[in-house]
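Engineer: When you line the sequence shown up against the numbering used here, it's residues 1 to 251, in that order.
Honestly, I wouldn't trust all of these hints.
Label-pair ranges, simulated between beta-carbon atoms [unchecked claim]:
1) ASP172 x HIS82: 47 to 55 Å
2) ASP154 x LEU249: 27 to 35 Å
3) VAL240 x ALA64: 19 to 27 Å
Everything labelled a hint here was simulated from the structure, so no lab data went into it. The C-beta atom is built at its ideal place from N, Cα and C for all residues, glycine as well.
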Amino acid sequence: MHVAELWRHPVKSLQGEPLDEAVVEHSGLSSDRRWGIVDCETGMVLTARRVPSLLLASSRLTGAEVELRLPDGNVVAAPSAHADDVLSNWIGRRVALVHVESFGAGVSEYFQDATDDNSAVVSWTMPPGRFVDALPLLVITTASLRQGRALHPDGAWETRRFRPNIVVDVEDDGWVEDAWCGRTIRVGTAAVQPAVPCERCTMVTRPQPGLDRDLDVFKALARHHGATFGVWTTVLTPGVVRVGDEVTLTD
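Working from the sequences, and respecting the hints, build out all of it.
Structural biologist: So, in structure tokens, the structure goes:
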């Protein structure tokens, strides 16, 4: 087994950036989901669960700044008042790009029924330190992507739809990473431990650049795999991980 892909998402719910190398800290991939777009009126952290168009924009780190690219091609450097104005005009409400260290624990909202944007709205409090939904890292395997394609062949089972940090290439079939929970993964100079399967929501159905809206992706997961895909993972030993690194499992 080896690392096939590494992904960092500087801003929550925006497209991320593929990496060749990443620093893994106790709190997750360095600079991953450290920024969030906050509704200035409600204080809620916006996500693509409620604002699907966020997935049409992208973010990447350029030194100490975050470069935001909007669907119309407009590129702005953040954080800045200008970037907040551009984001506000695009989203249609007053928002600000906020660093998690100046914000604390974020609260977001999502639809109770992942296939119905008219269903009841539920709030969710994120763990402090990152704008993440559960644990520091999200790991998926190529085996699970293949399994998804077998269940829903017409769907686009692409990495970007599931927003992981680490994609592990494995030859085995099935939902391989589920069996890793409680075991130690050694990769590069880091050691991590999968804890629980990642419960999925409407995010996996949302359109993205090159990916159409697809409710059947979620329905396939709900029907065949308890609506989960990938594993939430804690960091035991910080280190550096590179694409191509061998991945080993120990008990």
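Engineer: Hints first: check each against the structure and report whether it holds.
Structural biologist: Hints, verified against the model:
no.	hint	in the structure
1	ASP172 x HIS82: 47 to 55 Å	holds, 49 Å
2	ASP154 x LEU249: 27 to 35 Å	holds, 33 Å
3	VAL240 x ALA64: 19 to 27 Å	holds, 20 Å
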